[in-house]
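Participant: Chains A and B, in that order, give the protein sequences.
Take the first sequence: its position 29, counting from 1, is numbered 29 in my numbering, and each next residue is one higher.
Take the second sequence: its position 11, counting from 1, is numbered 11 in my numbering, and each next residue is one higher.
Treat the hints as calculated values from the structure; they're not laboratory data.
Honestly, I wouldn't trust all of these hints.
Some, not all, of what chain B presents toward chain A, calculated at C-beta under 7 Å [claimed, not checked]:
| # | residue |
| --- | --- |
| 1 | I11 |
| 2 | V54 |
| 3 | A88 |
| 4 | L93 |
| 5 | H98 |
| 6 | T182 |
Only a predicted model underlies this, so the values are computations on that prediction, with no experimental measurement involved.
Glycine included, every Cβ here is placed at the ideal spot set by N, Cα and C.
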Amino acid sequence: MVYVKRILLDVLKPHQPNALEFSQAIAKVGVDYCVHLIVLEVDENTETIQIEVTGSTIDFEAIQSTIKDLGGSLHSIDEVEVQSEIDPA
Amino acid sequence: MLGQIKFLLDITRSRDIVRRYFVVNGFDGALTMLGLIIGFIVSESDDLAVIFNVCLGAAIALGMSGLSSAYISESAERKHALDKLEQAMVSDLSDSAHGEASRRVPLLIALVNGLAPLLISFLILLPIWLSISGIVLPLSPLYAAIIVALLLLFLLGVFLGSIAGISWLRSGLQTLLVAMVTAVLIYLFAGH
């Protein structure tokens, strides 16, 4: 089984919810997610952010759905770290 | 539920709008009731049922006016804000929290705008209703209603003072002064 351990996303989002609320909402998607958010650029109505999520098994679809629910738009997946592990019998 | 309402108000930055609508229309309700009751006192009407029904009719009309006007104007404002955000994001936000907020926030603001004058009017009319129901009050129900109205106007001022971070007493007395001036004007113009 292949598990996603880390992803780095480039996202465009409205100013609200703010960076803290946005990262908290993404962290809530998993039980052990660690979210690192950097605001790269701020425009009149939007901001470009970089989100790094690390965890034991990252559910990318759920993260993407949360970003969309919050009004964000996923531009690109810039970095990925995956690992294959033997499934416990 | 409350958390979701708070979140929707935050992302649309509408908290201050809700507060403003509450105070402005609550003030409208209190002053209208005060004006009507003083008008009845000046015209020496003593039929409490008639007074109560006239005031209740005015309160309901104020409530409906607040509800519908706020809903129509806020729906247009929220739609405009969403369109602007969608243009900036170059994407459809109708399924996002912003889309949900543009549908629900106008309803919430409309409810506050409509219920504020209605509830405040009900509180002012309470002594009249109690008197009609056969409960004996220590003073005339019309004067008791005026005291309730003045108290509520004072409390609205106190609320505004706490928001502005200024003296609650000064702010409360300011709104009370407006009520006093209104009462004097009614006595001057309707008393003859």
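Participant: Interface hint check: H98/B, Cβ to nearest Cβ on chain A, cutoff 7 Å. Holds or violated?
Facilitator: Holds, about 4 Å.
Participant: Identify whether the interface hint at V54/B stands, where standing means a beta carbon of chain A within less than 7 Å of its own.
Facilitator: violated (45 Å)
Participant: Take the shortest C-beta to C-beta distance between L93/B and chain A; is it under 7 Å?
Facilitator: holds (5 Å)
Participant: Regarding the hint that A88/B lies at the interface with chain A, is the smallest CB-CB distance below 7 Å?
Facilitator: Since chain A brings a Cβ to about 4 Å from A88/B, closer than 7 Å, the hint holds.
Participant: T182/B was flagged as interface toward chain A. Is the shortest Cβ-Cβ separation under 7 Å?
Facilitator: violated (40 Å)
Participant: Does I11/B pass the interface check with chain A, least Cβ-Cβ distance below 7 Å?
Facilitator: Holds - the Cβ of I11/B comes within 7 Å of chain A, reaching about 4 Å at its closest.
When each numbered hint is compared with the structure, violations occur for hints 2 and 6.
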